[in-house]
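Position chain A relative to chain V; hints supplied.
Protein chains: 2
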Amino acid sequence: MPVLTMSGIDKSTLLWYLIKELRYKNVHVLTFNYKQRNVKEIEHAKLVVEHARENLNAEIEHKIVDITGIHELIARGALTGNEEIPVGFYTDEIQKVTIVPNRNMILLAIAVGYAIKVKTKKVFHAAHKSDYAIYPDCRKEFVKALDTAVYLATIFEPVEVKAPFVDMTKVKVVKLGLKLGVPYELTWSCYKGGERPCLKCPTCLERTEAFLLKNISDEEWKRAVEIYEKFKRLTS
Amino acid sequence: MPVLTMSGIDKSTLLWYLIKELRYKNVHVLTFNYKQRNVKEIEHAKLVVEHARENLNAEIEHKIVDITGIHELIARGALTGNEEIPVGFYTDEIQKVTIVPNRNMILLAIAVGYAIKVKTKKVFHAAHKSDYAIYPDCRKEFVKALDTAVYLATIFEPVEVKAPFVDMTKVKVVKLGLKLGVPYELTWSCYKGGERPCLKCPTCLERTEAFLLKNISDEEWKRAVEIYEKFKRLTS
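Just so you know, the protein sequences line up as chains V and A, in that order.
Those letters in the first sequence? Residues 1 to 236, per this note's numbering, in order.
Those letters in the second sequence? Residues 1 to 236, per this note's numbering, in order.
Next up, chain V with everything else stripped away, as it sits in the complex (with noise of 0.2 Å):
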């Protein structure tokens, strides 16, 4: 019964590896509404949870989890406010403007609280490393230093933090995902509230590159071309 937060392609990817690899047979879900500004992301997330109920053989139950309280404490920059979307491939200052500091341990710490309270004892993270997402909460020394203080926090009944992606680049996620038939074109990752994707934010780039650009055989490229095809029909 792990528990995970989740939206887009990291995230699905690890509901499937839990299921589909790991064999969890009850899975807690968690998708936080912080008022983000593709809060579409949300919708997504319950038609991905939607389609693994009715093809993976497990139990999911999934939460929405309401903290717009904290948005207006620490918002800052274009995830959840008005400043201008970036456009281009992720830098350090692209994240620098569009991170909502300390996001990741707020999110994990409250999936902690609810791993307690379900009697759960791991809360899966889906950090991946990439040449350009180098956040910082997504690098294995903060995940091994966020599981210390977790076991010490819930030393009584100990809960764990796992990151089973945090040594793969986007590209082998997406990879991994691809092979335990994930629907991608389900997942949205655009940080533009838009109809359809804008395909020159950040986050679209690394999509298209994870997607089609980098070292894949024919089959993957295959696949990928008609899942993007398929995601952007069905956004447009």
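None of these hints come from the bench; they were simulated from the model.
Please note that the accuracy of each hint is not assured.
Since the list can't tell identical chains apart, any single copy or any two copies may satisfy a pair.
Computed cross-link-like contacts, DSS-like style, restricted to lysine-lysine with a CA-CA straight-line distance of at most 27 Å [to be verified]:
1. K117 to K129
2. K117 to K144
3. K20 to K230
4. K46 to K162
5. K179 to K140
6. K140 to K122
7. K119 to K144
8. K172 to K117
9. K144 to K40
10. K117 to K46
11. K129 to K40
12. K230 to K40
13. K144 to K121
14. K122 to K179
15. K162 to K144
16. K175 to K25
17. K46 to K144
18. K140 to K119
None of these values were measured; they are calculated from a predicted model.
Just chain A now, kept in the frame of chain V:
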């Protein structure tokens, strides 16, 4: 410009300590509304901050942060839910009922996000050592582990988590506060949301004990009784 989370005795003492002993001239104070039963503690936190503004030489910014969405997700037990308030001193069993799972990590993670936003470098946690209040997330080893995780999550501009009272008992915290002139008559501890403190729940007993029962001087005793009488009048 430190950030601290506050409501009752320990956090009020921390505010005076930061300004009078550590000589901070700017302090950000966060009080969380997690729909706790003793929502009165929020009103009392405002009174305490007001008193500090009038009597101490510092700029104090005070934010009330609504995290009731988290309550709906993880609440269990007497602090936030509908269970009976336990009566008597703290025991392991009573603590398991009264805690909001992982509360301190959640509140500190949010405070760290806020520290990043307002460009300050330190977050203060009022955890103290106590014979009864053995919450694992008030222990020194937790504070150290969380400080490391926070450092790694904020590595571009590191934030520190400090807990100056972590080796002090409640009685020592109160003795320090009496010396610093903390207006304890304005603070609120009782778990029940009544007009007056119940004087029976674990936190009322801990408070009474800290003020009245332990090894303190006649002078301190006099001041403590005076405060307690004022407090009872204020809340009657």
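A quick look at each hint next to the structure:
Taking the shortest alpha-carbon separations for K117 and K129, only the inter-copy value of 25 Å comes in at or below 27 Å, while the best intra-copy value is 30 Å. In the homo-oligomer, the alpha carbons of K117 and K144 lie at most 27 Å apart both inside one protomer (23 Å) and across protomers (25 Å), since each shortest distance falls under that limit. In the homo-oligomer, the alpha carbons of K20 and K230 lie at most 27 Å apart inside one protomer (24 Å), although the nearest pairing across protomers, at 63 Å, exceeds that limit. In this assembly of identical chains, K46 and K162 lie within 27 Å of each other by CA distance solely inside one copy; the values are 23 Å within and 40 Å between copies.
In this homomeric assembly, K179 and K140 come within 27 Å of each other (Cα to Cα) only inside a single copy, at 25 Å, whereas the closest approach across copies is 45 Å. For the homomeric pair K140 and K122, the shortest alpha-carbon distances inside one copy (17 Å) and between copies (24 Å) are both at most 27 Å. Within a single copy, K119 and K144 get their C-alpha atoms as close as 22 Å, and across copies as close as 26 Å, so both meet the 27 Å cut-off. With identical chains, the CA atoms of K172 and K117 are never at most 27 Å apart, being 33 Å at best within one copy and 33 Å at best between copies.
Taking identical chains as interchangeable, the C-alpha atoms of K144 and K40 are never at most 27 Å apart, the minima being 31 Å within one chain and 38 Å between chains. In this assembly of identical chains, the alpha carbons of K117 and K46 lie at most 27 Å apart only when taken from the same copy (23 Å versus 31 Å across copies). Taking identical chains as interchangeable, the C-alpha atoms of K129 and K40 lie at most 27 Å apart only when both belong to the same chain, with a minimum of 25 Å there against 46 Å between chains. With identical chains, the CA atoms of K230 and K40 are at most 27 Å apart within one copy only, with a shortest distance of 17 Å there and 53 Å across copies.
Taking CA atoms no more than 27 Å apart as the test, K144 paired with K121 passes in both settings, with 16 Å inside one copy and 22 Å between copies. When the C-alpha separation of K122 and K179 is checked against a cutoff of 27 Å, the pair qualifies only within one copy, where the shortest distance is 24 Å, while the shortest distance between copies is 45 Å. Proximity of K162 and K144 under a CA criterion of 27 Å is satisfied in both settings, with 9 Å inside one chain copy and 20 Å between copies. Proximity of K175 and K25 under a CA criterion of 27 Å is satisfied intra-copy only: 23 Å inside one chain copy versus 53 Å between copies.
Proximity of K46 and K144 under a CA criterion of 27 Å is satisfied in neither setting, with 30 Å inside one chain copy and 38 Å between copies. Taking the shortest alpha-carbon separations for K140 and K119, both the intra-copy value of 26 Å and the inter-copy value of 25 Å come in at or below 27 Å.
Violated hints, in rising order: 8, 9, 17; the structure is consistent with all others.
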